[in-house]
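The primary structure of each chain is shown beneath.
There are 2 protein chains.
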Amino acid sequence: MNSVTDLKDRIKSRVTKDLAEIEDALVRNLNPHDDLVRDIAGHVLFAGGKRLRPLLMVLSARLCGYDGDDDKNISVLFEYLHAATLIHDDLVDEAVLRRGKDAAHLRYGNARAVLTGDFLLARSLSLAARTGIPKVIGIIAGITEDMSQGEIRQLTNKGRLDLTEAEYMDVIERKTAVLIRGACRTGALMAGADEEKDRALTDYGYHLGMAFQMADDLLDYTADTLSLGKTIGADLKEGKLTLPIIYALANASEAEKMYIEGMMGKEGVTAQEFRQFTETLERLGGLAYTRNMALAAVARAKNALSMFETGETRDLLSMLADYAMVRQS
Amino acid sequence: MNSVTDLKDRIKSRVTKDLAEIEDALVRNLNPHDDLVRDIAGHVLFAGGKRLRPLLMVLSARLCGYDGDDDKNISVLFEYLHAATLIHDDLVDEAVLRRGKDAAHLRYGNARAVLTGDFLLARSLSLAARTGIPKVIGIIAGITEDMSQGEIRQLTNKGRLDLTEAEYMDVIERKTAVLIRGACRTGALMAGADEEKDRALTDYGYHLGMAFQMADDLLDYTADTLSLGKTIGADLKEGKLTLPIIYALANASEAEKMYIEGMMGKEGVTAQEFRQFTETLERLGGLAYTRNMALAAVARAKNALSMFETGETRDLLSMLADYAMVRQS
Numbered sequence: 045m046n047s048v049t050d051l052k053d054r055i056k057s058r059v060t061k062d063l064a065e066i067e068d069a070l071v072r073n074l075n076p077h078d079d080l081v082r083d084i085a086g087h088v089l090f091a092g093g094k095r096l097r098p099l100l101m102v103l104s105a106r107l108c109g110y111d112g113d114d115d116k117n118i119s120v121l122f123e124y125l126h127a128a129t130l131i132h133d134d135l136v137d138e139a140v141l142r143r144g145k146d147a148a149h150l151r152y153g154n155a156r157a158v159l160t161g162d163f164l165l166a167r168s169l170s171l172a173a174r175t176g177i178p179k180v181i182g183i184i185a186g187i188t189e190d191m192s193q194g195e196i197r198q199l200t201n202k203g204r205l206d207l208t209e210a211e212y213m214d215v216i217e218r219k220t221a222v223l224i225r226g227a228c229r230t231g232a233l234m235a236g237a238d239e240e241k242d243r244a245l246t247d248y249g250y251h252l253g254m255a256f257q258m259a260d261d262l263l264d265y266t267a268d269t270l271s272l273g274k275t276i277g278a279d280l281k282e283g284k285l286t287l288p289i290i291y292a293l294a295n296a297s298e299a300e301k302m303y304i305e306g307m308m309g310k311e312g313v314t315a316q317e318f319r320q321f322t323e324t325l326e327r328l329g330g331l332a333y334t335r336n337m338a339l340a341a342v343a344r345a346k347n348a349l350s351m352f353e354t355g356e357t358r359d360l361l362s363m364l365a366d367y368a369m370v371r372q373s
Numbered sequence: 045m046n047s048v049t050d051l052k053d054r055i056k057s058r059v060t061k062d063l064a065e066i067e068d069a070l071v072r073n074l075n076p077h078d079d080l081v082r083d084i085a086g087h088v089l090f091a092g093g094k095r096l097r098p099l100l101m102v103l104s105a106r107l108c109g110y111d112g113d114d115d116k117n118i119s120v121l122f123e124y125l126h127a128a129t130l131i132h133d134d135l136v137d138e139a140v141l142r143r144g145k146d147a148a149h150l151r152y153g154n155a156r157a158v159l160t161g162d163f164l165l166a167r168s169l170s171l172a173a174r175t176g177i178p179k180v181i182g183i184i185a186g187i188t189e190d191m192s193q194g195e196i197r198q199l200t201n202k203g204r205l206d207l208t209e210a211e212y213m214d215v216i217e218r219k220t221a222v223l224i225r226g227a228c229r230t231g232a233l234m235a236g237a238d239e240e241k242d243r244a245l246t247d248y249g250y251h252l253g254m255a256f257q258m259a260d261d262l263l264d265y266t267a268d269t270l271s272l273g274k275t276i277g278a279d280l281k282e283g284k285l286t287l288p289i290i291y292a293l294a295n296a297s298e299a300e301k302m303y304i305e306g307m308m309g310k311e312g313v314t315a316q317e318f319r320q321f322t323e324t325l326e327r328l329g330g331l332a333y334t335r336n337m338a339l340a341a342v343a344r345a346k347n348a349l350s351m352f353e354t355g356e357t358r359d360l361l362s363m364l365a366d367y368a369m370v371r372q373s
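Protein chains in written order, with this note's numbering: chain A, 45 to 373; chain B, 45 to 373.
Simulated from the structure, these hints should not be mistaken for laboratory data.
The beta-carbon is built from N, C-alpha and C at its ideal position, and this holds for glycine as well.
One or more hints might be untrue.
[Claimed, not checked] These stretches of chain B come out as covered by chain A in the derived footprint (C-beta under 8 angstroms, 3 or more residues):
| id | region |
| --- | --- |
| 1 | 77-83 |
| 2 | 173-185 |
[Unchecked claim] Straight-line distance between alpha carbons at most 25 angstroms, and here's what the computed SDA-like set of lysine to any residue pairs gives:
| id | chain 1 | residue 1 | chain 2 | residue 2 |
| --- | --- | --- | --- | --- |
| 3 | A | 241 | B | 176 |
| 4 | B | 179 | A | 75 |
| 5 | A | 145 | A | 78 |
Using the sequences and the hints given, assemble the complete structure.
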């Protein structure tokens, strides 16, 4: 726990100014015509997100020598895009909590949640247009195409007990990694990076994104609701097959398989039953395997940075990769 | 009726080739990773839309001397964007029918409808990015911002009986006119039109869009379900205050006001009651006023074309403006 707090504090102390400027830019660039839109968007946007995606874009640009002054303004598009998908996904998944507050669709109704998500999505693309770099605009639009299709696939997979690890990796790539990869790559492109640096930061972002989602799927079975800020055991309740279960199923006896399958999507799981379930995942190696796969992705992300000169910015990006694994929420 | 069929046939015979190429481009550029996404998107996209928006872009480009070969590919983004908003709006409005078929959210569920709408929205922005014209990309992103906010405002206005004509015009501008205006303007920009022509086609598209929406709101009280392809009297049922009612209310006695207000959002309105309601709107001048306002917008749209040389393309755009008023669906 202590090393967790240490890493978090070490990162935070070095990005205080960046985060403050990103926060300002988040408010400045929202610009809805309507106060209600600001309220609904703000409900998710200003509920204590970590601003990881904007920060990654800013740091990636800096690592490639960006010296303009529009990086913070552009960077917030990744938070808007992230918030748009959170709002739509929570509605799609019928989630109850988000960032410790009630989900937007419950607070404001499905209709307003859909439309505010649309607005944030459009706002992020307007900002992308502002870069004037067609490649960046294509990336941002492509991210949204990938994410929506990843969610549809995940929806279709729901309840499927024969999902393979490869199918899982494909889903989390679209769901999480494309956005984080896009943020890092946009930073590189804004700085006019050469192809090699562009490729290195694209790789870094991809592996970091995969690590984050695997760590997230692990947290669903290891964290408690309070620190996670969303309902614990939500994946189990929704019948969402993530890596801890996929691995556990592959190593389960027939009796264990029946038990796991019986728990998937079960209504009214008690705390006691949930604990027993996570113990089964642990025993079958599902939690350790997921942790190891995530750690391997972190290592690949850090390795991709090795082509850059050592220094403050590279250190920070490296620390952020480690942070993927140690965060509690 | 005969003149309606005549105008429709006259337009159709001159754009047969364009429409066939647009239809091909709609299939070719959809490109989902997933068959399910293709099915859901296709449910709305290939249910007999008029392709008005792509056609307007293509004709606007041609009027400004466009001689490239990417116009059809780019033009379909306006149909994708239109389909995306139809899917989300039908969900938001809890509509039952669309283009004569059951609405996507009823057929595939809310979740898939939200995500397929997101995909189509993203697809349209990817195509915009392909133009490589930052102004075009900004316009497309701006359209989506406007449309989502227009829908939220309409939602907030629902049930309000004191909506003014100006507020109504603001809603239909965002809801309909910005997209049609954007299609015409994109055509001009793709052709590298000068500022004056850009402005003229922007005006044309704006007034045409306003005319279309007013005519549409009128049709809700004058057409029958079969020819409209969506549920008749839907606006009344949803308690949506459109121009026919706004004008009628302004000219109603206290008793008539109470009657109209009592009918707004009423459950289980019979065909007999609905007929009586439309007769009241007719008697109070609501239908005639809306028709006249729409006709005035058509005249403004046609007037905006006067700066262009006469010829086949200008004639077609002029006929399309007339078509806004005479269509039955």
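Against the structure, the hints:
Beta-carbon proximity to chain A at under 8 angstroms applies to 4 residues in the region 77-83 of chain B; the threshold of 3 is reached and the given coverage holds. Residues of the region 173-185 of chain B lying with their CB closer than 8 angstroms to a CB of chain A number 8, which satisfies the three-residue condition for coverage. Among the hinted pairs, residue 241 of chain A with residue 176 of chain B is consistent with the structure: their alpha-carbon atoms are about 24 angstroms apart, no more than 25 angstroms. For the proposed pair residue 179 of chain B and residue 75 of chain A, the alpha carbon gap of about 19 angstroms is at most 25 angstroms, so the pair holds.
Taking the CA atoms of residue 145 of chain A and residue 78 of chain A, the gap is near 22 angstroms; set against the 25 angstroms cutoff, the hint holds.
Violated hints are absent here; each numbered hint is respected by the structure.
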